[in-house]
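Chemist: Here is how the chains run, residue by residue.
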Amino acid sequence: MEITERGLWTLIHGMGFGALYLLACSGALVELYRFVGPSTPGELTARSERFLKFYLLTMVVLAWVAVLTGAYVVYPWYRAAAPAGTVDLAAFPQRLLMSSPSTTGWHSLGMEWKEHIAWFAPISITMVAFVFIKYGRDLKNHRQLRAGMLSFALASFIAAGVAGFFGAMISKYAPVQGGHTIQLSHGEEK
Amino acid sequence: MNNSDRSLSFGVPVIPNGSGVAAILAAAIGCFSLAVLAFAGDKSVAIKNILNFYKPTGPLSGVTTVAILIWFVVWGLLEWRWGKKTVVMGRTIAVAFVLLGLSLLLTFPPIVDIF
Numbered sequence: 001m002e003i004t005e006r007g008l009w010t011l012i013h014g015m016g017f018g019a020l021y022l023l024a025c026s027g028a029l030v031e032l033y034r035f036v037g038p039s040t041p042g043e044l045t046a047r048s049e050r051f052l053k054f055y056l057l058t059m060v061v062l063a064w065v066a067v068l069t070g071a072y073v074v075y076p077w078y079r080a081a082a083p084a085g086t087v088d089l090a091a092f093p094q095r096l097l098m099s100s101p102s103t104t105g106w107h108s109l110g111m112e113w114k115e116h117i118a119w120f121a122p123i124s125i126t127m128v129a130f131v132f133i134k135y136g137r138d139l140k141n142h143r144q145l146r147a148g149m150l151s152f153a154l155a156s157f158i159a160a161g162v163a164g165f166f167g168a169m170i171s172k173y174a175p176v177q178g179g180h181t182i183q184l185s186h187g188e189e190k
Numbered sequence: 191m192n193n194s195d196r197s198l199s200f201g202v203p204v205i206p207n208g209s210g211v212a213a214i215l216a217a218a219i220g221c222f223s224l225a226v227l228a229f230a231g232d233k234s235v236a237i238k239n240i241l242n243f244y245k246p247t248g249p250l251s252g253v254t255t256v257a258i259l260i261w262f263v264v265w266g267l268l269e270w271r272w273g274k275k276t277v278v279m280g281r282t283i284a285v286a287f288v289l290l291g292l293s294l295l296l297t298f299p300p301i302v303d304i305f
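So the protein lines, in turn, are chains A and B. So in my numbering, spot 21 of the first sequence is number 21, and the numbers just go up one at a time. Every position in the second sequence, counted from 1, becomes a number in my numbering once 190 is added.
It is worth saying that the hints were derived from the structure and are not from the lab. Among the clues, some could well be false.
[To be verified] Under the rule of at most 27 angstroms between Cα atoms (straight-line distance), these lysine-lysine pairs were calculated in the BS3-like manner:
{"hint": "1", "chain 1": "A", "residue 1": "Lys134", "chain 2": "A", "residue 2": "Lys53"}
{"hint": "2", "chain 1": "B", "residue 1": "Lys274", "chain 2": "A", "residue 2": "Lys134"}
{"hint": "3", "chain 1": "A", "residue 1": "Lys172", "chain 2": "B", "residue 2": "Lys275"}
{"hint": "4", "chain 1": "B", "residue 1": "Lys274", "chain 2": "A", "residue 2": "Lys53"}
{"hint": "5", "chain 1": "B", "residue 1": "Lys275", "chain 2": "A", "residue 2": "Lys134"}
{"hint": "6", "chain 1": "B", "residue 1": "Lys275", "chain 2": "A", "residue 2": "Lys53"}
{"hint": "7", "chain 1": "B", "residue 1": "Lys233", "chain 2": "B", "residue 2": "Lys245"}
Starting from the given sequences, assemble the full structure and let the hints guide the process.
Modeler: Here you go:
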């Protein structure tokens, strides 16, 4: 069992930071709604307030690391231009997708949307974390701030979901591969 | 004033809303700037080239860097103006929602291709 260096980075970006952020986002939405939902603001103890602040800060870090590794580590490998006359496009995922009418949409719709919408996630969750840390339990007295926070947290979840979905599908049809091969385990011969 | 004191004041905001409204509007403006820059880069080769800050990443590097700068500058200015005030926020939050909605639409390639 082995993985290439670029494959590992794609895994760290997508499964490590991206998927973890998406999971955390669903949890944060539930917690935020429970504590600062529009109808009945729940009781927020000092301990749970501290926990949610830490949770949101962790999400901020995850979101920024996910988009930065995506844009500056994985994306350059994805969009690398193939030298003229290259027949095997396996090392050039964007070109590989665009070489066939059945896969070109994964780039022209999927990647074109993903590469931009993904950035809404860290921007939105940074704001949500800032507002929650600043106001804490006083949010119960700010109905419209609560509505704004929850809406942007939802937007962050949607943005991360779109990016995650297209990232997974693009990796299925044109995985980013190359670099050193890392041996994970030696299989037994049959 | 500690947190437990604050929790006693139900119905009477202790912290003015200005800072929160500034953060929400700035985030919406940041997202909208990113969408507009991405749109502009898609429609104009000159803008696309200007936004190519880091060649391996291409115009995405400029689109996101400029949008983040706009977001931070706007956030700083709004915080400076509203940070310690209580502001009327209904219309401002509505504007933020509209900008966020437009941002989501403007990054969607089939809509970008209409223009």
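Chemist: Given the hint that Lys274(B) pairs with Lys53(A), does the C-alpha gap stay at or below 27 angstroms?
Modeler: The hint holds at about 22 angstroms.
Chemist: Holds or violated: Lys172(A) and Lys275(B), Cα atoms, limit 27 angstroms.
Modeler: 51 angstroms, violated
Chemist: Regarding the pair Lys274(B) and Lys134(A), is the alpha-carbon distance no greater than 27 angstroms?
Modeler: 12 angstroms, holds
Chemist: Going straight from one Cα to the other, do Lys233(B) and Lys245(B) come out at no more than 27 angstroms?
Modeler: 19 angstroms, holds
Chemist: Does the structure keep Lys275(B) and Lys53(A) at a Cα separation of 27 angstroms or less?
Modeler: Roughly 24 angstroms separates the two Cα atoms, so the pair holds.
Chemist: Would you check the hint for Lys134(A) and Lys53(A), treating anything up to 27 angstroms between C-alpha atoms as holding?
Modeler: 10 angstroms, holds
Chemist: Is the straight-line distance between the alpha-carbon of Lys275(B) and that of Lys134(A) 27 angstroms or less?
Modeler: 14 angstroms, holds
Violated hints amount to a single one, hint 3; each of the other numbered hints is respected by the structure.
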